[in-house]
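Asker: So the protein sequences, as listed, match chains A and B. Here my numbering = 1-based position in the first sequence + 22. Here my numbering = 1-based position in the second sequence + 7.
Derived from the structure by calculation, the hints contain no laboratory data. It is possible that some hints are incorrect.
With beta-carbon atoms standing in for the labels, derived distance ranges [unchecked claim]: (1) B/R174 to A/D173: 29 to 35 Å; (2) A/L220 to B/A223: 38 to 44 Å; (3) B/L71 to A/D173: 48 to 54 Å; (4) B/A163 to A/D287: 41 to 47 Å.
Under 7 Å between C-beta atoms, here's a sample of chain A residues computed to sit facing chain B [claimed, not checked]: (5) R147; (6) F162; (7) L174; (8) G290; (9) L293; (10) Q324; (11) L325; (12) Y352; (13) L363; (14) L365.
From chain A, some residues computed to sit far from chain B (all C-beta separations above 12 Å) [as the list claims (entries may be wrong)]: (15) L121; (16) L160; (17) F169; (18) R172; (19) P185; (20) T192; (21) V321; (22) S350; (23) A360.
Backbone N, C-alpha and C define an ideal beta-carbon position, used for all residues, glycine too.
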Amino acid sequence: MSEALAGPLRFATRTRTYVWAAGALLLLALPFYLDRFWLQAGLFAMAAAIGAIGINLLTGSTGQLSMGHAFFLAVGAYGYCVFAADGGDAGDGLTGLGLPTWLAAVLAVLVAGLAGGVFSPIAGRLRGAYLGIATLALIFIGQHVLFNARDLTGGFNGRDVPPLSLFGLTFDDRELLVANVPFGSAEKLWYAGLVLLLGCGLFARGVLRGRPGRAMNAIRDHRIAAGVIGVPVARYRAAVFVLSSMYAGLAGVLLALVFQRTVPDYFGITLSLEYLAMIVIGGLGSVSGAVIGAVFVSVLPQLLTRYSDALPLVSAPGTGGIAPGEASRYLYGAAVVAVVLFLPGGLVRVAAGRRFRTDPGEKR
Amino acid sequence: MSTFAELFLNGLSMGSVYALIALGFVVIFRATEVVNFAHASLLLAGGYVTASLHDDIGFWPALLVGIAGAAVVGAAVEFLVMRRYRGSDHSVLAIVTIGVDILLTTELTRRIGTDVLTLGDPWGDSVLTVGPISLAHTRIAAFVAAALLITVFLLAFRYTSWGVAMRAAAESPETAALMGVRLGRVSLGAWAVAGALAAVAALFLTVFPTPGLERATSLAALKAFPAAILGGLDSTTGALVGGLLVGVTESLATGYQSELTFLGRGLGDLAPYLVMTVILLIRPAGLFGTKELARV
Numbered sequence: 023m024s025e026a027l028a029g030p031l032r033f034a035t036r037t038r039t040y041v042w043a044a045g046a047l048l049l050l051a052l053p054f055y056l057d058r059f060w061l062q063a064g065l066f067a068m069a070a071a072i073g074a075i076g077i078n079l080l081t082g083s084t085g086q087l088s089m090g091h092a093f094f095l096a097v098g099a100y101g102y103c104v105f106a107a108d109g110g111d112a113g114d115g116l117t118g119l120g121l122p123t124w125l126a127a128v129l130a131v132l133v134a135g136l137a138g139g140v141f142s143p144i145a146g147r148l149r150g151a152y153l154g155i156a157t158l159a160l161i162f163i164g165q166h167v168l169f170n171a172r173d174l175t176g177g178f179n180g181r182d183v184p185p186l187s188l189f190g191l192t193f194d195d196r197e198l199l200v201a202n203v204p205f206g207s208a209e210k211l212w213y214a215g216l217v218l219l220l221g222c223g224l225f226a227r228g229v230l231r232g233r234p235g236r237a238m239n240a241i242r243d244h245r246i247a248a249g250v251i252g253v254p255v256a257r258y259r260a261a262v263f264v265l266s267s268m269y270a271g272l273a274g275v276l277l278a279l280v281f282q283r284t285v286p287d288y289f290g291i292t293l294s295l296e297y298l299a300m301i302v303i304g305g306l307g308s309v310s311g312a313v314i315g316a317v318f319v320s321v322l323p324q325l326l327t328r329y330s331d332a333l334p335l336v337s338a339p340g341t342g343g344i345a346p347g348e349a350s351r352y353l354y355g356a357a358v359v360a361v362v363l364f365l366p367g368g369l370v371r372v373a374a375g376r377r378f379r380t381d382p383g384e385k386r
Numbered sequence: 008m009s010t011f012a013e014l015f016l017n018g019l020s021m022g023s024v025y026a027l028i029a030l031g032f033v034v035i036f037r038a039t040e041v042v043n044f045a046h047a048s049l050l051l052a053g054g055y056v057t058a059s060l061h062d063d064i065g066f067w068p069a070l071l072v073g074i075a076g077a078a079v080v081g082a083a084v085e086f087l088v089m090r091r092y093r094g095s096d097h098s099v100l101a102i103v104t105i106g107v108d109i110l111l112t113t114e115l116t117r118r119i120g121t122d123v124l125t126l127g128d129p130w131g132d133s134v135l136t137v138g139p140i141s142l143a144h145t146r147i148a149a150f151v152a153a154a155l156l157i158t159v160f161l162l163a164f165r166y167t168s169w170g171v172a173m174r175a176a177a178e179s180p181e182t183a184a185l186m187g188v189r190l191g192r193v194s195l196g197a198w199a200v201a202g203a204l205a206a207v208a209a210l211f212l213t214v215f216p217t218p219g220l221e222r223a224t225s226l227a228a229l230k231a232f233p234a235a236i237l238g239g240l241d242s243t244t245g246a247l248v249g250g251l252l253v254g255v256t257e258s259l260a261t262g263y264q265s266e267l268t269f270l271g272r273g274l275g276d277l278a279p280y281l282v283m284t285v286i287l288l289i290r291p292a293g294l295f296g297t298k299e300l301a302r303v
């Protein structure tokens, strides 16, 4: 009996290993074949995936709606610039501490976490819609600071992002030949992004599968019962908020490195809504869901831009038709609605083909 | 002193407009327990309909069509989307409204483009001067209209059978349903009313001295969120007080900007959110919101 069962099981595990290995090989080989456009699209997706994992820990697993994610992305991106840039004499006259860039990246993530911690009196006490709208305040405070603190942020025009360098390898556009393929910033960052995404994904999975994850789900599903069985609810909420903002900070650093320039307009409310769309489309509360959703939402506009000539209804921006950016917003807006109504659990449930799970958020 | 009075009155007028929006928001929340993040796009829809029709059929008919249009959009969202959700988690429904908002706002901003549309209101830029204080006619009209609508609404909420049904549904949906209240109709009505109120607010958000209906109007409409929250999401009184508070703070912060330059420019847009944050720190359920009691 056990023999009969073990066969298919072992087969399934083995298939899964092969799929993972093939996927990993493919991801490692891509920079040798793709052009810069697609690599950048992929990098955006990786950065978005890191941010989406963070907000999924908060909104998906702990049930805390946050519309302020873009703020923490901005803290990460600008924090990195301030820590890493050479001060004063670099030409743009903006404040810069000139720290080693790897240290700047670490500090930027910590500062994003700190910003989340400062918000914890609110994050720990409010919930649901109240928290959602309170975090909306972060977006507006962020925009205000970004436009007004010119010394730090460069105001409306933003500021340049110094390239990251690690162990003597600089992630800039000075070309490096690897196997006769010229490696620019996109190719080099690709590998850094993969490593970061893998690390973030594994860490989040560890958090979710361990004791904290149980506590977070308990808070989401029944806050009072969670408190009664000894989960320190407010402390957990605040802690998850900090962790989620650190993920956002890291995503911000990576985005800044890919863009090579940060501008305040990018970090508006639309960005926050995009991140919420990602986790809903991918699947609330799971790491792979966040990654799938991030890829869907961030690669879609690039795909539509690239193939706008060939697609019906979509036309280049400014020609009066539906621009690719708008078309992708229609698509993911509709996807959010459709997923919640017809596909509870998101795309990840379909991809995994697991048993159907009813919505966990019964009455609270 | 006259500057202060002027700013204060202007703030009250803007505040009453925010109160209109917040009231719709609260009505939807009370009737269905859904937080409607698509509210700003309902407002934009009403404004857009009015703006595109007023040249052909005149201002007042256009305004009526705009109000009806926004009500229909609101009802359609309820009928096509909200009603189809079979789960019981209201925070998931809030995320659905974000999806709806993305759809509606994208469509409307695409139509508006980079234009600034006028709504063809009859008040223009005329100003009423009493002693040292001058007020734009539009601001007076906004205050009067908002006060009138809010009074009518509150009376209807209290005395008509529609209002009783809605309050009963908010109190306990199951009991209300057993008593013969048709919950579907109640929530449909709530969404339609919220849309109509938002369309009126759209008119007064875009008249003089603001340039007109543009993409950024939806950002202005977002200020009704802090208004609704700081008053307490489930309280109509809270929506009124919150709206006025937000309006006055915004007006004063904008007016005394030159004395507050160390805080940076554009403080007026930020002020409502700062007030909200402070109030939520002290009273997490808002000023008039019911403190949550739970039985385990």
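Asker: Please go over all the hints and tell whether each is borne out by the structure.
Answerer: So, going through the hints one by one against the coordinates:
no.: 1; hint: B/R174 to A/D173: 29 to 35 Å; in the structure: violated, 54 Å
no.: 2; hint: A/L220 to B/A223: 38 to 44 Å; in the structure: holds, 41 Å
no.: 3; hint: B/L71 to A/D173: 48 to 54 Å; in the structure: holds, 52 Å
no.: 4; hint: B/A163 to A/D287: 41 to 47 Å; in the structure: holds, 43 Å
no.: 5; hint: R147; in the structure: holds, 5 Å
no.: 6; hint: F162; in the structure: holds, 5 Å
no.: 7; hint: L174; in the structure: violated, 12 Å
no.: 8; hint: G290; in the structure: violated, 9 Å
no.: 9; hint: L293; in the structure: violated, 12 Å
no.: 10; hint: Q324; in the structure: violated, 17 Å
no.: 11; hint: L325; in the structure: violated, 17 Å
no.: 12; hint: Y352; in the structure: holds, 6 Å
no.: 13; hint: L363; in the structure: holds, 5 Å
no.: 14; hint: L365; in the structure: violated, 12 Å
no.: 15; hint: L121; in the structure: holds, 27 Å
no.: 16; hint: L160; in the structure: violated, 8 Å
no.: 17; hint: F169; in the structure: violated, 7 Å
no.: 18; hint: R172; in the structure: violated, 9 Å
no.: 19; hint: P185; in the structure: holds, 30 Å
no.: 20; hint: T192; in the structure: holds, 35 Å
no.: 21; hint: V321; in the structure: holds, 17 Å
no.: 22; hint: S350; in the structure: violated, 9 Å
no.: 23; hint: A360; in the structure: violated, 8 Å
Of the numbered hints given earlier, the model fails hints 1, 7, 8, 9, 10, 11, 14, 16, 17, 18, 22 and 23; all others are met.
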